[in-house]
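**Student:** The lines below spell out each chain.
There are 2 protein chains.
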Amino acid sequence: MNPRKTVELATPALIIDVDALEKNLSLMAERHPGSKLRPHTKAHKCTEIARLQLSHSHTNFTCATPREIIGMAAAGVGSDFLLANEVLDVDRLSALAKVSENARVTIAIDSLETINAAVRAGLRDVLIDVNVGLPRCGIAPELAGQLADTARKAGMTVRGVMGYEGHLMMVSSDEKRQQRVAESMLSLKRAAQDVGGEIISAGGTGTWNMHDETGINELQAGSYALMDTHYAQLKIPFMQACFVLGTVISRSKDWLVIDVGLKSLSTDHGNPSVDDYDVLFCSDEHTTLVRKKDSGLSPANIGDKLFVKPSHLDPTMAMHSEAWITRGEKIIDCWQIDLRGW
Amino acid sequence: MNPRKTVELATPALIIDVDALEKNLSLMAERHPGSKLRPHTKAHKCTEIARLQLSHSHTNFTCATPREIIGMAAAGVGSDFLLANEVLDVDRLSALAKVSENARVTIAIDSLETINAAVRAGLRDVLIDVNVGLPRCGIAPELAGQLADTARKAGMTVRGVMGYEGHLMMVSSDEKRQQRVAESMLSLKRAAQDVGGEIISAGGTGTWNMHDETGINELQAGSYALMDTHYAQLKIPFMQACFVLGTVISRSKDWLVIDVGLKSLSTDHGNPSVDDYDVLFCSDEHTTLVRKKDSGLSPANIGDKLFVKPSHLDPTMAMHSEAWITRGEKIIDCWQIDLRGW
Chain A
9 MNPRKTVELA TPALIIDVDA LEKNLSLMAE RHPGSKLRPH TKAHKCTEIA
59 RLQLSHSHTN FTCATPREII GMAAAGVGSD FLLANEVLDV DRLSALAKVS
109 ENARVTIAID SLETINAAVR AGLRDVLIDV NVGLPRCGIA PELAGQLADT
159 ARKAGMTVRG VMGYEGHLMM VSSDEKRQQR VAESMLSLKR AAQDVGGEII
209 SAGGTGTWNM HDETGINELQ AGSYALMDTH YAQLKIPFMQ ACFVLGTVIS
259 RSKDWLVIDV GLKSLSTDHG NPSVDDYDVL FCSDEHTTLV RKKDSGLSPA
309 NIGDKLFVKP SHLDPTMAMH SEAWITRGEK IIDCWQIDLR GW
Chain B
9 MNPRKTVELA TPALIIDVDA LEKNLSLMAE RHPGSKLRPH TKAHKCTEIA
59 RLQLSHSHTN FTCATPREII GMAAAGVGSD FLLANEVLDV DRLSALAKVS
109 ENARVTIAID SLETINAAVR AGLRDVLIDV NVGLPRCGIA PELAGQLADT
159 ARKAGMTVRG VMGYEGHLMM VSSDEKRQQR VAESMLSLKR AAQDVGGEII
209 SAGGTGTWNM HDETGINELQ AGSYALMDTH YAQLKIPFMQ ACFVLGTVIS
259 RSKDWLVIDV GLKSLSTDHG NPSVDDYDVL FCSDEHTTLV RKKDSGLSPA
309 NIGDKLFVKP SHLDPTMAMH SEAWITRGEK IIDCWQIDLR GW
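The listed protein sequences correspond, in order, to chains A and B. Going by the numbering used here, the first residue of the first sequence is number 9, and it counts up by one from there. Going by the numbering used here, the first residue of the second sequence is number 9, and it counts up by one from there.
So that you can see chain A by itself, here it is in the shape it has in the complex (with noise of 0.2 Å):
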């Protein structure tokens, strides 16, 4: 039997809110139209949801792994696919270059290693990754033209360079965080001129409204889709869209315990949030809750479906197989999480 209501679902679920998703789609592609948004197919990992992104004009996505851009192409979703990530595996890039045949592969690179890997797997078109701050994958700025020229000179079209300026999502001031966001672009640009090419690619949820003059032309998003209680501390105007449905399994004079736990959504961010509810804790399969003093609702009884709203979006979705799509109360489909893995 088919559920067709969300009381009706089997538990741990997730649960996708169709209406707040379109909005958020909608809000963003109405800033950052076409290709200007490359939205970033990790967040959610599933086909459906690009389907819909390229539905509201976006034909370019970000990927974070092989099996990302794959699943894609496969599911026809999408044009010119951008792998925002840095692979030695031959065997992976090899099955990529096998996928640009038929629609646009490019590929960060941030070193020689990565370069020799793409020239080996047949790959050709490139972003020379910049580091922009964050502690991670991309190579100095000063020292991008020269990858450039070095990966030419190996046969390679370089596209431009992205930067992803991480460590700035969660300044907490806007203005903070603008300004912090228009110094790290400073070293984007001074590095796309030396690279050379069309595509500066950079950003993310947090600072999506914050590259109007940043110079960079398209904005790699993701969590905006989907959401989550992190990024909702930026009070930026994207709805929560992503819940864990939990089911009340136990009741004691203090607290209330649902079969939601660490192994269907991810606490790096923090504990999840409830309605209502104060979190105590999370174990492998349970949460306890303890009713907010000041909440006027009597609890939840033994039996109850409670919604969870994860505290980071990414790893949380790659813990499920399929979502459950929801309007008000009623399921209208299931979505596989479809390009889960590597």
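Just to be clear, a hint being listed does not mean it is correct.
One copy or two, either will do: identical chains are not told apart, so a pair holds if it fits within one copy or between any two.
To be verified - Below, computed lysine to aspartate or glutamate pairings styled on EDC-like, alpha-carbon distance capped at 16 Å:
no.: 1; residue 1: Lys300; residue 2: Asp220
no.: 2; residue 1: Lys313; residue 2: Asp97
no.: 3; residue 1: Lys106; residue 2: Glu191
no.: 4; residue 1: Lys317; residue 2: Glu109
no.: 5; residue 1: Lys13; residue 2: Asp25
no.: 6; residue 1: Lys261; residue 2: Glu150
no.: 7; residue 1: Lys313; residue 2: Glu121
Think of the hints as simulated: they come from the structure by calculation, not from any bench.
Put chain B on the given structure of chain A with help from the hints.
**Tutor:** Here is chain B on its own, set in the frame of chain A:
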């Protein structure tokens, strides 16, 4: 081409050192042979590991989800399964009732609602789940006898009690932990007297050697088989047998980046560990490492493989669909993590 050595593996990859696993299983089976141990499958979610536990004389298993019991029974591993968790979902419980035609299936109950769900599903064998101090599931000890009476009136066989002293696993001094476990188990023993039945089930890896005089007659440990860095803090004699293999994908003057992140290991118990490196931070697909100052080694090169020790085993296992089984550098098998999901 099947990989024959760890250096040939595509990453991130879950690795199990089979000799370390065997040592852990032997050590535990020596202390708690046969039915004295009811290994918890939630820690590994892998029937191949459970099969090894069976070969170490344990025929009774603890499970956290109906899926785990159904999968174990389908694999023919084990003959007596305890669902040490409250489940209200009658469809899933009915699936367990089917399993109980060929194997003994006992479920934990802690409320009238859980009794009713079990009755509707046609399940007969139960344990009374008693709260022994961890704010999670389990009925208050003083109410356990009454709940057992209610269950018997509903036609159930009450096999005894269980209680999980999870709040004591990480009490850092052995002496204090021992003392608090003894106190906590006093309430379980009293509840057991009120409840009747033969089983008194409790304990975990952190208290594996503290139950000689607590009166419990089966230990529910799981993590001991593969271990994690969190439990390793206790200096218990089980070895790290589980790793996530990563590839160095980027290197700067000050740090390395590997392709192991929040989607391939859980950080809820803190950052993972890598020999000779400090972990700067983990993000979705990456971990940034800084070489320890006192490390004599030269830093790894781009393309090198590094072994990462997870801080929390259970949710990490649940992120992977397979584990590569190694002896030294050789890969000797690949096991499915086949008990994932719910």
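**Student:** Name the hints, by number, that the structure is in violation of.
**Tutor:** 1, 3 and 4
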